[in-house]
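Single-letter residue listing:
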Amino acid sequence: MRIAARDLAIGHGRVAIGSGLSLDLGPDEIVCLLGPNGCGKTTLFRTLLGLLPRLGGRLTLDGHDIARLSRRQVARSVAYVPQAHTPPFPFDALDVVLMGRTARIGAFAQPSAADRGMALQALDALGIADLAGRDYARLSGGQRQLVLIARALAQEAPLIVMDEPTASLDFGNRLAVLDRIAALARPGAGRGVILSTHDPDQALALGARVLALSGGRIVAAGPADTVLTAERLTAIYGVPLTVERTASGRRVCLPALQSSAATIT
Amino acid sequence: MVGPYAIGPLQTVAALIGLGDPQADIVVNRIRLPRVAGACLVGAALAAAGASYQALFRNPLVSPDILGVSAGAGLGAVAGIFLALPVALIQLSAFAGGLVAVAVVMAVAAAVRGGDRVLTLVLTGVVIGALAGAATSLLKVLADPYDQLPAITFWLLGSLASVTSDDILPALPAVALGLVPLVLLRWRINVLSMGDEEARALGIEAARVRLLVIAAATLVTASVTAVAGVVGWVGLVIPHIARMLVGPAFARLLPASALIGAGYLLVVDTAARTLAAIEVPLGILTAVIGAPVFVWLLASGRRGWT
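Which chain is which? The protein sequence lines are A and B, in order. The first sequence begins at 5 in the working numbering and counts up by one. The second sequence begins at 1056 in the working numbering and counts up by one.
Since the hints were made in silico from the structure, they are not lab data. Glycine included, every Cβ here is placed at the ideal spot set by N, Cα and C. Possibly wrong hints are sitting among the right ones.
Said to hold, decoys possible - Residues of chain A placed beyond 10 Å of chain B at every Cβ, according to the derived structure: (1) D69; (2) V78; (3) P91; (4) D96; (5) D99; (6) G131; (7) S144; (8) A239; (9) P244.
As the list claims (entries may be wrong) - Computed from the model, here is a short list of chain A residues facing chain B with C-beta under 8 Å: (10) L53; (11) P92; (12) M103; (13) A107.
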């Protein structure tokens, strides 16, 4: 299973907010989409999922034009993990995960006992089996994010699109969720994950391929270690940044030291 | 067994199985039985439609009154009374009014590009409802104040006072037909309550399923509105109570709403015909009971909709 975009143009209605976008995602790959707010990350994801019509270029899922596939066919191949949200009704966490089975059951069917088993397994795989019977709306942001990732697992789609999975989380949960994402996409699991993030360190920690998006265009693409240089990060985010190597050999991104407090207004 | 003409439990049973005296037979089988059946049907249908609308619009505050269904059906019936049509045609006109109102609402909402689609739909429903309400008021001004106006007012307040089996039997298949898609799509309606975009990402053709569910719930609402007039609040309050009892999963919520709605309207209608020497319009009682219950729901722990 492989999603391929060539020279893709994205936007809402007729208003283009990005163009010339090319990317590939297949099994055992992690792609990290970096870029400042408003650079088109969410629009790109919605277009990749076929939720928003593309404005130009080609977008295929295993060679098939995604616009010609049914929602069911797309959902069996690509799962979507939105940012943790609060639904209007008090569903159990298990109910929410079971919704991932929708594309696998008949149009008029209810999830079966086997589907429930798969949903429980998905919760277990993320280490949150104890949340199954809890009210989803009352879970913490980190727990809800994990439930939504479990739902993507229950969907059994080889490709997973995650929109800023750590954006609204506190420091500890951010690391915990990132750790689970790394486990999901470990080599040999047969899954491909594309996620957006505000934190270049996450791309470095995941050893991901990086796509840096700025002003609706891809400004850099390649392995995190080679693409994420101090100059490039400074250019993307508009603040002075450096990349340093820790004692253990990992690379981390740091704000460059400012000479004085006089720059603060 | 309760009412201005006293009949004991034994006499009631006797009448039901055809062994009562002629007068009891008429009261039980011709007047009270259709009325009891009518109350159950109307209550069940309105609550089931309300539960569907709430799940679909992801908003626990919506009811069959939104989308202009009630207002449209009201206008249809009032026009029928104004034109002095026979009763059957008044019902048909109410039904058509409800469907036309929804069709107009959905066409207008589809023509408005951009923005939150559900919000657009609900706001359009309010606008069309207000327009239908204005047209209804105009007809009330023009109507004959001695003959037509009381009939119009009574109908707009909702009543089962003159319901006969001839009114209920045509509504039954329409309600049943409307309930079929709601039952079949019970799982997809859960998923739709997560929002259109997520439902689509989970493999549902959201627009198509939404249209089908709205058409079904509207058919259900319009058919019973044609029988009993505008009975408010049932479709708003009952699904909340059902959700507190059985949770939000639609496979349980739909039958629970229907059962509680049937029981509730039966009790309220019995009160409507026995509380006072004159018949109290049903819509007044459901509002008097529904409004405080709803305020209480709002105030007590948000469990129903968070």
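These are the hints, each one checked on the structure:
1. The claim that D69(A) is not at the interface with chain B holds, since no C-beta of that chain comes within 10 Å of its own (minimum 17 Å).
2. V78(A), annotated as away from the interface, has a beta carbon of chain B within 10 Å; the closest lies near 7 Å.
3. Interface exclusion of P91(A) from chain B breaks down, the closest Cβ pair being 6 Å apart, not more than 10 Å.
4. A beta-carbon of chain B comes within 10 Å of the beta-carbon of D96(A); the shortest separation is about 8 Å.
5. A beta-carbon of chain B is positioned within 10 Å of the beta-carbon of D99(A); the least distance is around 6 Å.
6. Listed as a non-interface residue, G131(A) keeps its Cβ farther than 10 Å from every Cβ of chain B; the least gap is roughly 23 Å.
7. Every Cβ of chain B is farther than 10 Å from the Cβ of S144(A); the closest lies at roughly 14 Å, confirming the non-interface assignment.
8. For A239(A), the non-interface assignment is confirmed: its Cβ lies about 32 Å from the closest Cβ of chain B, beyond the 10 Å cut-off.
9. At roughly 38 Å, the least C-beta separation between P244(A) and chain B is larger than 10 Å, which holds for a residue marked as non-interface.
10. At its closest, the beta carbon of L53(A) sits 6 Å from a beta carbon of chain B; the interface hint therefore holds under the 8 Å criterion.
11. Look at P92(A): its Cβ gets to within about 5 Å of chain B, closer than 8 Å, so that hint holds up.
12. The interface hint given for M103(A) holds, since its Cβ lies 5 Å from the closest Cβ of chain B, which is under the 8 Å cut-off.
13. For A107(A), the interface hint holds, since its Cβ comes within 8 Å of a Cβ in chain B; the closest pair sits about 3 Å apart.
Going through the hint list in order, the structure does not satisfy hints 2, 3, 4 and 5.
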